[in-house]
Amino acid sequence: MTILIATLIIPLIGAFGVLFLNKDNRKLIEMFSLGTSIVAFLVSLGLYFSFNSNAEGFQFVTDVTWIPAIDAGFRVGLDGMSLLMVMLTTFMTPIALLSSINSINKRHKEYYFMFLMLQFGMLGVFISLDLFLFYIFWEIILIPMYFIIGIWGGKDRIYAAVKFFIYTIVGSLFMLVAIVWLGLHVGGDVLSLPTGFTSDYLLIKQHSAAIAPDVQNWLFIAFALSFLIKVPLFPLHTWLPDAHTMAPTPGSVILAGVLLKMGTYGLIRFNLELFPVSSIDWAGTISFLAVVGIIYGALVALVQTDVKKIIAYSSVAHLGFVVLGIFAMNEMGIQGAIIQMVNHGLSTGALFICVGVIYERRHTREISEFGGLARVMPVYTIFFGIAMFASVGLPGLNGFIGEFLTLLGAFTSTVLDNIWYAIVATTGVIFAACYLLWMFGRIMFGALSNKENQGLSDLNKTEWAMLVPLLIFIVWLGVYPNTFMSKSETSTKQLVKEIEQVELDLNNGTINMEPKKN
Amino acid sequence: MSSEFILLLPLIIVGIMSVISILVDAINPNSKNSGYYLSIISIVAVGGFALNNFYLNISGINLDDTNLITSNMLTFGGFSAFFDLLFCVGSLLIVLNARNYLDTVKTELNEFYNLVLYALAGMMVIAHSNHLLTLFIGIELMSITFYIMAGYFRFASQSVEASLKYFLLGAFSTGFLVYGMAMLYGSTGSMFFPEITAAIVNGSANSAYLMFGAALMIMGLSFKSSAFPFHQWAPDVYSGAPTIVTSFMSTAGKAAALSAFIIIAKTIIPMGFDPSGLESAIDTNKLITAIAAISALTMLVGNITALVQKNVKRMLAYSSVAHAGYMLMGIVANTAAGWSALMFYAVVYTFMQIGAFIIVGLLERDTDKNLEYDDYAGLSKRQPALAAIMALFMFSLAGIPPMAGFFGKYYLFMSVINSGHLWLALIAVVSSIISVVFYIGLIVKMYFTDTEDVKGESLPWNASRILVFVTSAVVLIIGLNPGGMLTFIKSAL
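If you're matching them up, the sequences are chains A and B in order. Counting in the numbering used here, the first sequence runs from 1 upward without gaps. Counting in the numbering used here, the second sequence runs from 1 upward without gaps.
No lab work stands behind these hints, which were simulated from the structure alone.
Below, a list of computed lysine-lysine pairs in the DSSO-like style, where the Cα atoms sit at most 30 Å apart:
id : chain 1 : residue 1 : chain 2 : residue 2
1  : A       : Lys23     : B       : Lys381
2  : A       : Lys155    : B       : Lys310
3  : A       : Lys309    : A       : Lys109
4  : B       : Lys165    : B       : Lys310
5  : B       : Lys381    : A       : Lys106
6  : A       : Lys109    : A       : Lys27
7  : B       : Lys381    : A       : Lys163
8  : A       : Lys155    : B       : Lys381
9  : B       : Lys381    : A       : Lys109
10 : A       : Lys163    : B       : Lys310
11 : B       : Lys310    : B       : Lys369
12 : A       : Lys163    : A       : Lys109
13 : A       : Lys451    : A       : Lys155
14 : A       : Lys497    : A       : Lys205
15 : A       : Lys493    : A       : Lys205
16 : A       : Lys23     : A       : Lys106
17 : A       : Lys23     : A       : Lys109
18 : A       : Lys27     : B       : Lys381
19 : B       : Lys310    : A       : Lys106
20 : B       : Lys32     : B       : Lys369
21 : B       : Lys266    : B       : Lys490
22 : B       : Lys266    : B       : Lys286
23 : A       : Lys106    : A       : Lys163
Here are some, though not all, of the chain B residues that point toward chain A, as calculated from beta-carbon distances under 8 Å:
id : residue
24 : Met414
25 : Val436
26 : Leu486
27 : Thr487
C-beta atoms are modelled at their ideal positions from N, C-alpha and C, and glycine is treated no differently.
Same shape as in the complex, but just chain A:
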């Protein structure tokens, strides 16, 4: 058993362990789940240190046959990008579980079971090297998240949960058809395997050039639809603000921190790697939507009065940068996108926890209810400020490096070949500064006029424990991002090299866009 599989199954074991605990012993359940997630994190540190950044291809690969009849296997492995995502997951989960201690007040046993299952699913998504397995993990996540929003969420939680579920399943079912089609096409038409079908990612990738262009185009659309709903890209984003505002704080943290990254991860892992020709075809359209999303998200965030909604819409804008970077399809763009995925997880996670802090105390998130909090909660103000500036993209904090690289990637991209994407996207950074600073100022400064705010206490120990690790990494990534970026560099270079080759072939006309005749 590799460290990778250990990391994957610890949350699963923990989840079923929770079921055996006494449901009235709340403390024990909390500590047990938190302990499980911390163990998972410690084990995953082993992954980080034993990962060889210079080796190409996947590491810690396991390949066990599961269903021979359809050539589905338990195939998992890590490359640089998935390593960062796995680390992000194992890092964010204990923090989200810590914040659950304050914000979850009923049905603890079910909650912690769901949360650990969620972690299990997320880890599975990031390490699957089998399309069938990937799909199963992808869908497993749906169930716990649905319950987390639906049972422990806010006022309109049912609406938000159902919307979340249906949006996601619309995309994923089309992806399922695409997975079947792809498997039949590669396993049957291209390779003529005895099963006539394969879902082995590495095998498919090896023969991805042989996928007929017209087939590739439809497959690209089906995969992209599923991933772009998850990201979410404008105009498929409407489930996100609802889900975010209605989810309990830990739900929002994990949703923004990790779940959305499954979409961008999928775009790189499947769309770019398996269908480079179609990706080049579609890059312009998707980048255009990404830019629209950046501006739209920012503008809508400007007019919100609910703090959580502002951060939710800022996610739409920030993920727009990630998508733009991905479809710039050069090294800077993709590396920027990957690091921005990590950044967004950290800084938005921190922001949601900060919102949770005042929500726990006041049970409201309306900006107008607050003002002058800096006087009573100085530490909180500083922490919130750092997270907010990280999200704005202040140099020296983590957000800057990601946005900078993605924009630079978009500027220099030969695939997009149009600097206006980057220019318009840059204005989004300015908007972000506007709505975040405005929100921050209204909450923290000014007169402490509302009587209910005068007695608010500053951060307690749990809140310190949640925010400090996040802030350390926010600063670390801002000052010396190379610790993390070097991990994904080799796999990104490899991908970019393949894309450049395809681009060259397209320009030379060596790739025939007409359907092949057998």
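Guided by the hints, dock chain B onto chain A, whose structure is given.
Same frame as chain A, now just chain B:
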């Protein structure tokens, strides 16, 4: 001699026992338990011998002698042995559950168990048929039993109405079926399935009559498997009939109708048949397109109508129409992979649908009370275990992994895409999305709605409650290891 006798045993036992059990009841009308135990014993015996036949078939036994005894009118391949097993499992679940259910609604009569045996006999004859007449006898034996069972609550008007409606429409559809059979016979000159196929392949059949006959047969079978546009009876009958009967008709009964569908499709649409060289030939592509259209519309209509239901039993009834549509995809594929996908789905569907119905039955009070969506509000607090398992069944019915229902759909998608009907898979996707709305709608009621913390009445530990756990465990186990079940099914074909 001995081997043929063994092969015939399942049919012999079920035939004799169904008669014996009714005699026992006549001789000793006061015995409450005789029917129950007799039916359990018979079903287990039938299932045991069917399993034995299944493995005999795998070991490649020569079946010619047996075919002599039955004049070739019955077959004893792995296909029929598999369906025998499935019907036995379905019937056994029903019988075990019936006792508690009929007890709560105070209508326990031994006749119920006799009727299950008669229906089982009919279904088994269908799966064994090799001749139009045996097929017809099987279908009628099953259907007539169902007409009676639907009206089992003879004091409840909706039950009687369901029975009458089912009988009138069913009799009408039988007319289609018989007419179709006559046409097939007239065109090919034989009632044996292999000879019909041979006549089609060598072009000696009259293609106009054949086409007409095939169309009529498809109509008749669509009625029996509640496929669009012949599904109108299903929701009324399913919701009017006693819950236990509904769960029987919509699982084992549906599987039987679909097994007949497979047999007929195999016969009139020979695999790999190329009509181009023949002077007078049946256009099999048209038939496949027709079945594909029926399948597509069945799942769409079934799910859309289920969407607006406020009653859990009706929702399950309508959605069972949609599941027939999914299963028909396996016939559209018209390959061994398609049939095995259909059979896989039939197994999974039997467990999840019966499981869900058992829970509905456990919560049902009096006759047809406590069935609304609103009655399920807060169930997760009152009956946490039942609610969790119901949620599991709903996710499985909606096709969410890792539940078995997902793998059923996955295999069906695979077979239908592989046969070149991508559009049908896409329609199946759309209708699955629709179905998600009402399946998770029930979960919303059970888990998300705020209710006062009332302590639920404690349900007694009886067979039904144990069955709930058994069926959910099976759904999960097949979900986690679908390969085993798939290999089992593939060895049947």
